[in-house]
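> Read off the chains here:
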Amino acid sequence: MSTRLTLLTALLSVFSFWSCQKEESLSAPEPEEPEEAVIYDLTFPKRFGSPTIPANNPLTQAGVDLGRVLFYEKKLSGDNTLSCGSCHQQKLAFTDGKAFGVGVGGKIAKRSTMALANVAYNTSFNWDGAAATLEEQARFPLENPLEMNQNIEEAVRELQSTPAYPPLFQKAFGTSTITADLLFKALSQFQRILISANSPFDQYRDGFKTLPPEEIEGFMLFMTHPDPAQNIRGGNCGDCHGSDLTSLQQFHNNGLDLTFADNGRGAVTGRSTDNGKFKAPSIRNIALTAPYMHDGRFKTLEEVLDHYNEHIQANSPNLDPLIMEASNQTRGKTLALTAEEKAKIIKFLHTLTDEFFIQDKRFSEKLVK
Amino acid sequence: MKNLLSTYTALFIIAFLPLLTSSCKEDAEPSLPGEVKLAFKHVVGQNALSLEDQEYTNANGDKFKVSTFKYYISNVVLKKADGTEYKQAESYYLIDESKPASKLITISDVPAGEYSSLTFTIGVDSTRNISGAQTGALDPVNGMFWTWNSGYVFVKLEGTSPQSQNGGLVFHIGGYAKPNNTIRTVSPALNGQKLRVAAGKAPQLHLKTNILSMFQGAHTIKFSELSSTMGGANSVKVADNYATGMFQVDRIDN
Numbered sequence: 001m002s003t004r005l006t007l008l009t010a011l012l013s014v015f016s017f018w019s020c021q022k023e024e025s026l027s028a029p030e031p032e033e034p035e036e037a038v039i040y041d042l043t044f045p046k047r048f049g050s051p052t053i054p055a056n057n058p059l060t061q062a063g064v065d066l067g068r069v070l071f072y073e074k075k076l077s078g079d080n081t082l083s084c085g086s087c088h089q090q091k092l093a094f095t096d097g098k099a100f101g102v103g104v105g106g107k108i109a110k111r112s113t114m115a116l117a118n119v120a121y122n123t124s125f126n127w128d129g130a131a132a133t134l135e136e137q138a139r140f141p142l143e144n145p146l147e148m149n150q151n152i153e154e155a156v157r158e159l160q161s162t163p164a165y166p167p168l169f170q171k172a173f174g175t176s177t178i179t180a181d182l183l184f185k186a187l188s189q190f191q192r193i194l195i196s197a198n199s200p201f202d203q204y205r206d207g208f209k210t211l212p213p214e215e216i217e218g219f220m221l222f223m224t225h226p227d228p229a230q231n232i233r234g235g236n237c238g239d240c241h242g243s244d245l246t247s248l249q250q251f252h253n254n255g256l257d258l259t260f261a262d263n264g265r266g267a268v269t270g271r272s273t274d275n276g277k278f279k280a281p282s283i284r285n286i287a288l289t290a291p292y293m294h295d296g297r298f299k300t301l302e303e304v305l306d307h308y309n310e311h312i313q314a315n316s317p318n319l320d321p322l323i324m325e326a327s328n329q330t331r332g333k334t335l336a337l338t339a340e341e342k343a344k345i346i347k348f349l350h351t352l353t354d355e356f357f358i359q360d361k362r363f364s365e366k367l368v369k
Numbered sequence: 001m002k003n004l005l006s007t008y009t010a011l012f013i014i015a016f017l018p019l020l021t022s023s024c025k026e027d028a029e030p031s032l033p034g035e036v037k038l039a040f041k042h043v044v045g046q047n048a049l050s051l052e053d054q055e056y057t058n059a060n061g062d063k064f065k066v067s068t069f070k071y072y073i074s075n076v077v078l079k080k081a082d083g084t085e086y087k088q089a090e091s092y093y094l095i096d097e098s099k100p101a102s103k104l105i106t107i108s109d110v111p112a113g114e115y116s117s118l119t120f121t122i123g124v125d126s127t128r129n130i131s132g133a134q135t136g137a138l139d140p141v142n143g144m145f146w147t148w149n150s151g152y153v154f155v156k157l158e159g160t161s162p163q164s165q166n167g168g169l170v171f172h173i174g175g176y177a178k179p180n181n182t183i184r185t186v187s188p189a190l191n192g193q194k195l196r197v198a199a200g201k202a203p204q205l206h207l208k209t210n211i212l213s214m215f216q217g218a219h220t221i222k223f224s225e226l227s228s229t230m231g232g233a234n235s236v237k238v239a240d241n242y243a244t245g246m247f248q249v250d251r252i253d254n
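If you're matching them up, the sequences are chains Y and S in order.
The letter at position 151 of the first sequence is residue 151 when you use full-length UniProt numbering, and the numbering goes up by one with no holes.
The letter at position 5 of the second sequence is residue 5 when you use full-length UniProt numbering, and the numbering goes up by one with no holes.
Rather than coming from a laboratory, the hints here were simulated on the basis of the structure.
Small disclaimer: the values here were computed from a predicted structure and weren't measured.
One should not assume that every hint holds.
[Stated by the list, open to error] Cβ pair distances, simulated, as ranges:
#1 S:Gly-136 to Y:Thr-43: 15 to 23 Å
#2 S:Ala-133 to Y:Arg-362: 28 to 36 Å
#3 Y:Thr-179 to S:Gly-245: 35 to 43 Å
#4 S:Arg-251 to Y:Glu-302: 52 to 60 Å
#5 Y:Gly-174 to S:Asp-53: 36 to 44 Å
#6 Y:Ser-50 to S:Asn-181: 43 to 51 Å
#7 S:Gly-136 to Y:Ala-339: 20 to 28 Å
#8 Y:Gln-160 to S:Glu-55: 51 to 59 Å
#9 Y:Gln-160 to S:Ser-126: 55 to 63 Å
#10 Y:Ile-108 to S:Thr-244: 37 to 45 Å
Just so it is clear, CB atoms sit at the ideal spot from N, CA and C, and this is done for glycine as well.
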């Protein structure tokens, strides 16, 4: 009898669960067309929250496949010498190892190449947040004369005239007529699958492995805002690089300069109170993405820690209050971490290096036949 | 035995049937429900809040500017004069000065009737600090979650003050555990007015959220002594302050 009751209970609860459950599939809803589209099943840990995938650009296997070859397609640059992958190199967590990106003809870009990892979660793009979606973002480097220097319509024409691309667009979007809009959609689909969630830190967070005590202490310091009144020591990093994604998606002036060669966010919003602010990006794979800051001024993580600990420009306009009000000493004027604490934080930062991510064959260079 | 078995089975099905049929219904109430809108206006004393370089003065005479102001409202309860309550399920809202749309919230499926009292929590209840879905307003991406520490930031104010030792103001009020629990529940007086809820109607209750209340009341906050708190005893002082008078009903449009 008890078996029967248990079975019944199970059936009933399954039924009532189903009946109330709204569709919460992590992959995007099924598109209307093309009809036989295979949904790309994006997997990521629950602790990351939900990625933002536009309703009009669901992830499909064909879309992701197309986005991948486009990402590595040199026809997207003005002189057919550079692809997205030229600056966003997988082995360097999709950066280029340079202070500033190098565009067509050796031109020097205005800012440092941003790493790509977990960008499906971003609520804004570029150092200044000029783009709200990946689809919008794709246009910036393509058209920028210091980067790929390409006329979008020219790129579309070039792709259309190849034998390979029209059928790939047909498969991905149900039409062989290539447009800038579809080009950006495909590139975005590929970038959304660049999920980095298998670093030693992730394995620790998921309970699969332990980390040495110093790395865990570094992690706690990283995520803690110091409060000498409560005897709490902290590195104050998590105020901006918080959550498992290591970015809270906000813009901050982190006290690099007294005056700004680049107004950053302020140039986008037109507000003087935003001058000198830049996005606090994800710092996943940070050990691979040197040099650091929007202008690549720091060559090592040690230099970055020294900046936050000792060299903040206290009189920089719009300096973030979260930085002003962070000291490990009562009435301290600087962050005042010890050398040992800084070393622990750097050890933690190395646990964010995801070897699986930089070797994942789904992300590597692939060219059209 | 066989009889007994089928009796049990039948009883079981009968007991569960209502669950199956009613658990998903949205309008199970006898009378047709309506909506209530809560509109929040952020003020600093008599002045409207601006995040653009506007200087204000607190009760201690300290000057300050605000660059960030956001807070959680949760567990909204509306009450009729006869004591009948409507408790909204999944009631979590993040109100953010920098996002105008967030300052108008809609409570749907409120049973028809006249409501004479409004109660809500400033912050997030302790249960939801440690468990449950972290989506929507509660998504950690909103920057209001101390992932590694102690749940949500309930009220976040950042800015600057010349009286502050280092020039900044960081008031991140949160923490649900004793002795530094900062969850506060308030019932701003409706001043004898009533919210008349009926199908097709959406009475609007206008609330003023006064930032000055964070720094006055039980504890006068001097920025020279306290300019930064992220939970703990000092956050409790600020929560005690804003529990009395941060929210005032401005008017009701029925």
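> Does each hint hold? Answer for all of them.
Hints versus structure:
Between Gly-136 of chain S and Thr-43 of chain Y the beta carbon distance is about 22 Å. The supplied range of 15 to 23 Å therefore holds. A hinted range of 28 to 36 Å holds for the C-beta pair Ala-133 of chain S and Arg-362 of chain Y, which are about 29 Å apart. About 57 Å separates the C-beta atoms of Thr-179 of chain Y and Gly-245 of chain S, a value inconsistent with the hinted range of 35 to 43 Å. Checked against the hint of 52 to 60 Å, the pair Arg-251 of chain S and Glu-302 of chain Y passes, with Cβ atoms roughly 58 Å apart.
At about 51 Å, the CB distance of Gly-174 of chain Y to Asp-53 of chain S disagrees with the hint of 36 to 44 Å. For Ser-50 of chain Y paired with Asn-181 of chain S, a C-beta distance near 29 Å fails the hint of 43 to 51 Å. For Gly-136 of chain S and Ala-339 of chain Y, the hinted distance range of 20 to 28 Å is not satisfied, since their beta carbons lie about 43 Å from each other. Look at Gln-160 of chain Y against Glu-55 of chain S: about 58 Å separates their beta carbons, and that is inside 51 to 59 Å.
At roughly 59 Å, the beta carbons of Gln-160 of chain Y and Ser-126 of chain S sit within the given window of 55 to 63 Å. Checking the proposed 37 to 45 Å range against Ile-108 of chain Y and Thr-244 of chain S shows it is violated: the Cβ atoms sit about 58 Å from each other.
In summary, the structure is inconsistent with hints 3, 5, 6, 7 and 10 from the numbered list given earlier, while agreeing with the others.
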